[in-house]
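All chains, please: the whole structure from these sequences, using the hints.
Going by my numbering, the first residue of the sequence shown is number 1, and it counts up by one from there.
No lab work stands behind these hints, which were simulated from the structure alone. Among these hints, one or two may not hold up.
[Said to hold, decoys possible] Taking lysine-lysine pairs in the DSS-like style, the calculated list, with each CA pair at most 25 Å apart, reads: (1) K44 / K92; (2) K65 / K92; (3) K65 / K44.
[As the list claims (entries may be wrong)] Okay, the calculated beta carbon distance ranges per label pair: (4) R36 / L70: 19 to 27 Å; (5) S47 / N71: 17 to 25 Å; (6) A48 / D110: 16 to 24 Å; (7) N71 / G99: 31 to 39 Å.
Using N, Cα and C, we set each Cβ at its ideal position, and we do this for glycine too.
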Amino acid sequence: MQVKTTEQKRTFLKDVGNRYSEKRRGNRMNSRVRVRAEWEAEGKSASAEAFTRVVNPYGCMVILKHSLELNQRLSLTNLATGTSNASVIVWKGNPRPEGWEYGIELVAPDMDFWGLEL
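In structure tokens, the structure reads:
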């Protein structure tokens, strides 16, 4: 069994981090933005207010009290700006006391959707 030195571990973690940052299309920013999510559930319209933890020009991480599925299509409305965008759930995290964590991708992102300099 090979034991890695602290420096080897740092180099490895840096390389892994660089690999993932190269895949990102835009800068991420920690930001709590109030949003409304609307979707179809069992043939009926459903909606709920939620908030973001992280935003970027192409999507966000949102906290929502409802359990939804991966690839679920949503309409996401930024309640501060009133703008809406079609979106899809691309990642589902674990349930937390305040709700589920979701990675949301904006389908046709408007670069000013969040009203922030990103």
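Against the structure, the hints come out as follows:
Of the pairs offered as hints, the one joining K44 and K92 holds, with about 22 Å between alpha carbons and a cut-off of 25 Å not exceeded. The straight-line distance between the Cα atoms of K65 and K92 is roughly 12 Å, inside the 25 Å bound, and the hint therefore holds. Between K65 and K44, the direct Cα distance comes to roughly 18 Å. Compliance with the 25 Å bound is thereby established for this hinted pair. The hinted window of 19 to 27 Å between R36 and L70 holds, with their beta carbons roughly 21 Å apart.
About 19 Å separates the C-beta atoms of S47 and N71, a value consistent with the hinted range of 17 to 25 Å. At roughly 22 Å, the beta-carbon separation of A48 and D110 lies within the given 16 to 24 Å, and the hint holds. The given range of 31 to 39 Å is broken by N71 and G99, whose C-beta atoms sit roughly 19 Å from each other.
In summary, the one numbered hint that this structure violates is 7.
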